[in-house]
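A.B. asks: Each residue of the sequence shown is one higher than the last, beginning at 855 in the working numbering.
A few of these clues could be false.
Simulated crosslink set (SDA-like; lysine to any residue; CA at most 25 angstroms straight-line) [to be verified]:
#1 Lys1202 - Lys961
#2 Lys1482 - Met1353
#3 Lys1155 - Leu1179
#4 Lys961 - Lys930
#5 Lys1477 - Ser1393
#6 Lys1046 - Gln1065
#7 Lys1001 - Thr889
#8 Lys1052 - His907
#9 Lys1101 - Arg1142
#10 Lys1155 - Lys1201
#11 Lys1001 - Gly1025
#12 Lys1403 - Ser1454
#13 Lys1325 - Glu1359
#14 Lys1124 - Arg1064
#15 Lys994 - Arg1321
#16 Lys1325 - Glu1012
#17 Lys1539 - Arg1504
#18 Lys1124 - Pro1146
#19 Lys1390 - Arg1374
#20 Lys1033 - Asn1008
#21 Lys1299 - Lys1202
#22 Lys1050 - Pro956
#23 Lys1439 - Glu1359
#24 Lys1546 - Lys1482
#25 Lys1157 - Pro1146
#26 Lys1101 - Lys1052
#27 Lys1316 - Val1283
#28 Lys1546 - Phe1493
#29 Lys1330 - Arg988
#30 Lys1088 - Ser1154
Ranges between beta-carbon positions, derived for each pair [stated by the list, open to error]:
#31 Thr1479 - Asp1290: 34 to 40 angstroms
#32 Lys1328 - Tyr1143: 30 to 36 angstroms
#33 Glu1156 - Thr1479: 29 to 35 angstroms
Simulated from the structure, these hints should not be mistaken for lab results.
Here the structure is a predicted model, which means the values were calculated and not measured.
Backbone N, C-alpha and C define an ideal beta-carbon position, used for all residues, glycine too.
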Amino acid sequence: MSSEESDNTLRSDIEASFSFGEGAQRADEVITVFTTRPDTIYGATFMVLAPEHPMVAELTTAENKAAVEEYIEAAKRKSERERMAETKKISGVFTGAYAVNPFSNEKMPIWIADYVLAEYGKGAIMAVPAHDSRDYAFAKHFNLPIKEVVKGGNTKVESYDAKDGELINSGNLNGLKVKDAINKIIDEIEAKGIGKRKVNFRLRDANFSRQRYWGEPFPVVYNAEGLPQLLDEKDLPVVLPDVKSYKPMGTGESPLASETAWVNLPNGFKRETNTMPGWAGSSWYFLRYMDPHNQTEFVSKEKEKYWGQVDFYIGGAEHATGHLLYSRFWNNFLFDIGLVSHAEPFKKLINQGMIQGVSAFLVTKGTTKGKIENAPVVLVSRGMESQSQTNEKIKAGLFKLNKNFIPPDDGIVHNINEKIVRYFNVKFVHSDNSVDIPELEEWAKSFYQTENIIIVESEDGKFYCHREVEKMSKSKLNVINPDDLITKYGTDTFRMYEMFLGPIEQSKPWNTEGIDGVYRFLRKLWNLFYDRDGNKIISDEEPTNEELKILHKTIKKVTDDIERFSLNTCISSFMICVNELSVAKCSKRKILQELVVLMSPFAPHISEELWHRALGNSASVTKHTYPKHNEEYLVESNFNYPVSVNGKLRATISLPLTLSAKEIEEKALAMDEIIKWTNGNPPKKVIVVVGKIVNVVV
C-alpha cells in the first residue's frame, strides 16, 4: 500500500485541547482536536467543527443559532462519502464563538463545515490555511486570516502542504525543520498538559454483512428463540440457491429471505440471509488458485510452499484500500495459525494511476419563479457570468419569450438565481470547448422540461462550456466508451495509446488528441512489410551493423523499461525504432521478425497478423522465444567529432574510434567547411581529444 493510503489508515497524531474564548456559553470547557501537523500550531487561525459535534449547540451564540441549525439540517441530508467528495463547493457557518490558540494566544473563530467528519478524530480541527489546501480554500472563501509558518511555498497563491521546510512565525520553533519541530512541539504540548501523543486507527468498510443475494453466505442458523448458531463442518459449504429475482424485499431484508425453501431448515432452524462482502472471498482467492481441486483443504501446505507469494500485484488506490488491505489482514492471520508460509501475500506492488476524464459543464443563472412570470432557464457562456452585457442579453431574451415583459426601474433583471453547475455530455463539445447553440438549446429544453430557455453567448457569438479534469463518472457525463475508439482506430491503437499517456503510477486525463499519432505509427510499422499496393516487401538479405544496432538497442531499452513498468517509454522506443528502420528502408526478415515478437505484448493483434501473413509463420507469435539484445551490436565504432575554429563550432565529422589524433587532424583539416574558415592557410595549432573534440586555432 502507498504511503498516502497507509497515512489514511494508521496515523500517529497529537491530541490537543483548545480553550474557549469570548462568545461561548461555557468558557470552562475545551475543544479537543487531532492533528498530524502539530508543528503548524502557531499557524492555526480558526477552528472548524463537524456539524454533528456535540458542543456545537452550547457554543453557538443566539444571533448565529438560526443559521447554524439550518446548516446542520442540510448536512444531515448528505452522506459521508458525498461530503468527502465535495471539494469544489465550499460551505460553512460561523458559530459566533472563539477559541484561544494555546501558543500564539490569538482568538480563533469557531466555524462548522461539513468537510469535517464527526467520526474521524474528535470531529474538530485546528485550521491552518497556509499549509492545508481545504483550510486554504475555506479561508479564502470566508476571508479568514492565513498565517505562514513553514517556508517553502507561496501562500499568496496556494497552500504549502509539504512536510518539509523551516519553521517561521512560530516562537521557539523558528529555524527548526518540520520533523524536529514536530517532536519539540509535542513535548511542549505534553508539558503544558493540554495534549498527548496518540495513534489514531482509521479503517473503512468494517461492516462485514451485506443485504443482497451475491457473496459468500454465512454458515449461521437461528433456532426457534432467534439465537444464532454456527453450522457444523459436515454441513459446509453453504451453497446459494438459484433464484428468479435478485430484487430487494422492500422490508430491509436480503433478497434471499424470499427463498423460504432454502431459508427454513427441516429441524425448524432458519438460515442467515445476509451475505459476506465481495472482499471476503477476494482476500484469499489467490491462495485457492494454487490448489483449486483440493476437497479437504483450501490449499495444501506443499503447493502453497511451491507457489509462494504472488509475484506482482497491480491495483489502483481504491482497490488497495478495498482489497489489498484486507488480503494482508487475512494472510497475516493464516500465517499466525500456521496455514501459509509467508506473512505477506505479495512480493511487489504497483498502484496504477487513474485515467481521468475532462468534464464539460455549463453555468445556469436560474430556474426560479416569482416576479418573472414563467421564469426561464438562463445558460451563460464561460467568462460571461459577471459581464455587464449579460444582463442586457437576459432582458433581450425575456422580451423574446414574453412581449409583455417590463424591465425593473433599475434596469437589472432580478430573481435570477446564482450560478448552478450542470454537466454536459463531452461528446457534444468541440476542440475549442464550444458547443453548438441549437444543439445546446434542444438539450436544455429536454433536460429542464421547459421551452423558456435563454442562452447568453460570448462576444464572438459562440457558447463556451467550462472544462475540468475529474474522475470519470456517469454523473459528470465525461465517460469515454472504449468501444467507440476501438471501432475507429482498432484495439492495438487503443491499448498502446493508453500506455503512452504517461507513467503507470500517475493519474492522467484521457485526451484523444494524440491517438492519431499512435495510429500513424502502426501504419508506418505495417509499411515496413508491405508497399502501397499491398505487396510484401520482406527481404532475406543479411542486415547491416547499423540495422542490427537499431534493433538491439530497442530490445535492450524495452526489456529494461518493462522491468521498471515504464510502459510509456516502451512505446516511445518502438516509435524511434520504426522511424529509424523506415529511414534506412529496412524490410529485412531477421530484423522485423524480432521486432514483431518484441511488440506482441503491446500490440498483439497486428503482431499476430504480421507474424503469420507477412512473415509466413504457422505457430502463434506468443510461442516464440522473447528476443535478447546482443551487446556487440551496441558498441560504437564511430564518433561524431565536433570541429571548431577558434572555439566556434563550424562542422562535424564521423570518424572511426580507432583513428589516432594525427589521422583525425588530417581528416578534419581536409573538410571543405574547415578550409573555408582557415582560407587554406596552415593553422597555428590543432587540438585533438580522441573521442571528444577537434579545435583548430588560426
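A.B. asks: Indicate, hint by hint, whether the structure satisfies it.
C.D. replies: Results of checking the hints against the structure:
For the proposed pair Lys1202 and Lys961, the alpha carbon gap of about 50 angstroms is over 25 angstroms, so the pair is violated. Pair hint Lys1482 plus Met1353 holds up; C-alpha atoms about 23 angstroms apart against a cutoff of 25 angstroms. Restraint check for Lys1155 and Leu1179: satisfied, since their Cα atoms lie roughly 24 angstroms apart, inside the 25 angstroms limit. Between Lys961 and Lys930, the direct Cα distance comes to roughly 29 angstroms. Violation of the 25 angstroms bound is thereby established for this hinted pair.
Taking the CA atoms of Lys1477 and Ser1393, the gap is about 23 angstroms. The hint holds against a cut of 25 angstroms. A threshold of 25 angstroms between alpha carbons decides the hint, and for Lys1046 with Gln1065 the separation of about 50 angstroms lies outside it, so the pair is violated. Proximity of Lys1001 to Thr889 is assessed by CA-CA distance (about 17 angstroms); at most 25 angstroms being required, the pair is judged to hold. Proposed proximity of Lys1052 and His907 is supported: the alpha carbons are some 20 angstroms apart, at most 25 angstroms.
Restraint check: the Cα-Cα separation between Lys1101 and Arg1142 comes to about 31 angstroms, which exceeds 25 angstroms; the hinted pair is violated. For the proposed pair Lys1155 and Lys1201, the alpha carbon gap of about 19 angstroms is at most 25 angstroms, so the pair holds. Only pairs whose Cα atoms come within 25 angstroms are accepted, and Lys1001 paired with Gly1025 is accepted, the gap being roughly 13 angstroms. With a CA separation close to 20 angstroms, the supplied pair Lys1403 and Ser1454 stays within the 25 angstroms bound.
Simply put, Lys1325 and Glu1359 have alpha-carbon atoms about 16 angstroms apart, close enough for the 25 angstroms limit, and the pair holds. About 17 angstroms separates the Cα atoms of Lys1124 and Arg1064, which keeps this hinted pair within 25 angstroms; it holds. Restraint check for Lys994 and Arg1321: the C-alpha separation of about 23 angstroms stays at or below 25 angstroms, so the hint holds. Among the hinted pairs, Lys1325 with Glu1012 is consistent with the structure: their alpha-carbon atoms are about 22 angstroms apart, no more than 25 angstroms.
A threshold of 25 angstroms between alpha carbons decides the hint, and for Lys1539 with Arg1504 the separation of about 16 angstroms falls inside it, so the pair holds. For a cut-off of 25 angstroms, the pair hint linking Lys1124 to Pro1146 is broken: about 31 angstroms separates their Cα positions. A threshold of 25 angstroms between alpha carbons decides the hint, and for Lys1390 with Arg1374 the separation of about 19 angstroms falls inside it, so the pair holds. Note on Lys1033 and Asn1008: the hinted pairing holds, with a Cα-Cα distance of about 21 angstroms set against a maximum of 25 angstroms.
Note on Lys1299 and Lys1202: the hinted pairing is violated, with a Cα-Cα distance of about 53 angstroms set against a maximum of 25 angstroms. For the hint pairing Lys1050 with Pro956, the CA-to-CA distance comes to about 14 angstroms; that is within 25 angstroms, so the pair holds. Using a Cα cut-off of 25 angstroms, the hinted pair Lys1439 and Glu1359 is violated, with the two alpha carbons roughly 37 angstroms apart. Of the supplied pair hints, the one linking Lys1546 and Lys1482 is violated, its CA atoms being roughly 31 angstroms apart against a limit of 25 angstroms.
Under the criterion of a C-alpha separation no larger than 25 angstroms, the hint pairing Lys1157 with Pro1146 is consistent with the structure, at around 11 angstroms. Simply put, Lys1101 and Lys1052 have alpha-carbon atoms about 45 angstroms apart, too far for the 25 angstroms limit, and the pair is violated. Between Lys1316 and Val1283, the direct Cα distance comes to roughly 12 angstroms. Compliance with the 25 angstroms bound is thereby established for this hinted pair. At roughly 8 angstroms between alpha-carbon atoms, Lys1546 and Phe1493 fall within 25 angstroms of each other, so this suggested pair holds.
At most 25 angstroms may separate the alpha-carbon atoms for a hinted pair to count; Lys1330 and Arg988 meet this at roughly 22 angstroms. A hinted pair counts as satisfied when its Cα atoms are at most 25 angstroms apart, and Lys1088 with Ser1154 qualifies at roughly 20 angstroms. Distance hint check for Thr1479 and Asp1290: the Cβ-Cβ separation is about 55 angstroms, which falls outside the suggested range of 34 to 40 angstroms. The hinted window of 30 to 36 angstroms between Lys1328 and Tyr1143 holds, with their beta carbons roughly 33 angstroms apart.
For the pair Glu1156 and Thr1479, the beta carbons lie near 31 angstroms from each other, so the given range of 29 to 35 angstroms is met.
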